[in-house]
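**Student:** Chain residues, written in single-letter form:
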Amino acid sequence: MSTRTVLSQADIHRALTRIAHEILEGNRGADDLVVMGIPTRGVLLADRIGDALRAISGQAVPVGAVDATLFRDDLRRQPTRAPRPTTVPDGGIDGKTVVLVDDVLYSGRTIRAALDALSAIGRPRVVRLAVLVDRGHRELPIRADYVGKNLPTSTSERIFVRLDGIDDAEEVAIEGGDR
Amino acid sequence: MKHLLSTADLGLDEAIRILDIAEDMADVSTREVRKLPTLRGITVVNLFFEDSTRTRISFEAAAKRLSADVINFSAKGSSVSKGESLKDTAQTLAAMGADGIVIRHPASGAPRVLAHSGWVEAGVVNAGDGTHEHPTQALLDAFTMRRRFHGAAARGRDLAGTRVLIVGDVLHSRVARSNAWLLKTLGAEVTFVAPPTLLPNGVAAFGVDVYYDLDEALARVQPDVVMMLRIQQERMNAAFFPNGREYARSWGLSATRLHGLPERTLVMHPGPMNRGLEISDEAADSPRSTVLEQVTNGVSVRMAVLYLTLAAGETN
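These protein sequences, in sequence, are chains A and B. Residues are numbered in the numbering used here as their position in the first sequence, beginning at 1, plus a constant of 58. To convert, note that position 17 of the second sequence is -2 in the numbering used here; the numbers rise steadily by one, no gaps.
Simulated from the structure, these hints should not be mistaken for lab results. Certain hints may be false.
[As the list claims (entries may be wrong)] Which chain B residues stay away from chain A? Per the calculated CB distances, all over 10 Å, these:
#, residue
1, Pro18
2, Asp32
3, Thr34
4, Arg128
5, Pro181
[As the list claims (entries may be wrong)] Restraint-style ranges between C-beta atoms, simulated for each label pair:
#, chain 1, residue 1, chain 2, residue 2, range
6, B, Asp50, A, Pro147, 31 to 37 Å
7, A, Pro143, B, Lys45, 33 to 39 Å
8, B, Asp8, A, Asp105, 17 to 23 Å
9, B, Asp8, A, His195, 46 to 52 Å
10, A, Thr63, B, Val14, 40 to 46 Å
11, A, Gly150, B, Arg226, 41 to 47 Å
12, A, Pro147, B, Ser10, 16 to 22 Å
13, B, Gln72, A, Pro143, 38 to 44 Å
Virtual Cβ for every residue (Gly too), placed ideally from N, Cα, C.
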């Protein structure tokens, strides 16, 4: 089975920096921004986007994590998954602009679950979605506001996001497919 | 994990996994919406053949917080008093669509029979069987210790080196058995203290230290946790000790004994307490008593257990 790298470490860094710029542009600054990552790799990406937002705007942006496991609609179709911790930054999310961050956007079901999880924490003014890779094949009416890379795929292919801090490499790779 | 029948079945990784998930469940109670949709559409039956208030209510609260439907069944005033067998009762409930059965039964081993007999497909959680086991109580005790000693950094930790004194009616106590097995798996050092009449035959098989004298045990072990067991009046069918006053004097946690404990030592009790018998008011109401925390944590731990036994599908 063939594997090829579609984003290198430098590509990932550039994509996240661009996303941070776009978030600041859309929000007209860093006021009332909260970045919430979806475990596992979304949390790492959220941290990096948070760092980039502070570097660009000179203003610290609260970063948290929102776990969607217990809100999923496919729990009964899979072996039990252990939930991951949810961390809500001081100040909460009420009335804030929350940017959800995940690594890969695929069916949209994780994001649906994460939106439910968010509403159990509070009521944001706006929720935006940032993803490193959008690979298509949505099963729900959900789209990303900020995308690192659009990657049209076939369903037989698999996407691997590897990040320093969790994996021993940093890249986005694609495996398999009939091409 | 299809069933939870015994803490003796739990390995270290699985025990820590349950406690970690219970941490996540505990976080839910701090949220604006204290409810999860996780077990929506799943029916849990509380099948209680023995009186219990707190355990049944705790399981009910846990199931409801996970959005499951709950049916409460108590043997009193049911067909059981007309002589229905466990098999027929269980199959009747299964025919009504029970996905999970939480069972308390006066016969040791009843939950295991229910789980492995093939009578029902449902996941089975042992909520106390005879004088055998009460696994969720042991899990919530371990969870409470871990939280008190490690606070927010509790996730992923075991209880290595924690010295736990379990005092009182070990003979009839399913709490003591479940705790002994679980705490040892988690790396704690467990000691039983009881009058010789209230220790089971073959207590050596538990692999714990045994003392007959509470003051000697407190002085020698310098425990991190003192867990007082309830004197089970309903099972006191023989002369296990002369009378309550003598028991309280010899094996009760009095104010004097409380003040002699090391500063960080926790006082635990599974409830309901016999104040003045195994535990004094001073001990029960002191800041080092975790009695109410144990009740609160019980809901989180039972949510974790219901999640692990019922959330996944047939493939698991």
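**Student:** For each hint, tell me whether it holds in the structure or not.
**Tutor:** Evaluated hints:
{"no.": "1", "hint": "Pro18", "in the structure": "violated, 6 Å"}
{"no.": "2", "hint": "Asp32", "in the structure": "holds, 32 Å"}
{"no.": "3", "hint": "Thr34", "in the structure": "holds, 28 Å"}
{"no.": "4", "hint": "Arg128", "in the structure": "holds, 14 Å"}
{"no.": "5", "hint": "Pro181", "in the structure": "holds, 35 Å"}
{"no.": "6", "hint": "B/Asp50 with A/Pro147: 31 to 37 Å", "in the structure": "holds, 35 Å"}
{"no.": "7", "hint": "A/Pro143 with B/Lys45: 33 to 39 Å", "in the structure": "violated, 23 Å"}
{"no.": "8", "hint": "B/Asp8 with A/Asp105: 17 to 23 Å", "in the structure": "holds, 20 Å"}
{"no.": "9", "hint": "B/Asp8 with A/His195: 46 to 52 Å", "in the structure": "violated, 32 Å"}
{"no.": "10", "hint": "A/Thr63 with B/Val14: 40 to 46 Å", "in the structure": "holds, 42 Å"}
{"no.": "11", "hint": "A/Gly150 with B/Arg226: 41 to 47 Å", "in the structure": "violated, 54 Å"}
{"no.": "12", "hint": "A/Pro147 with B/Ser10: 16 to 22 Å", "in the structure": "holds, 19 Å"}
{"no.": "13", "hint": "B/Gln72 with A/Pro143: 38 to 44 Å", "in the structure": "holds, 41 Å"}
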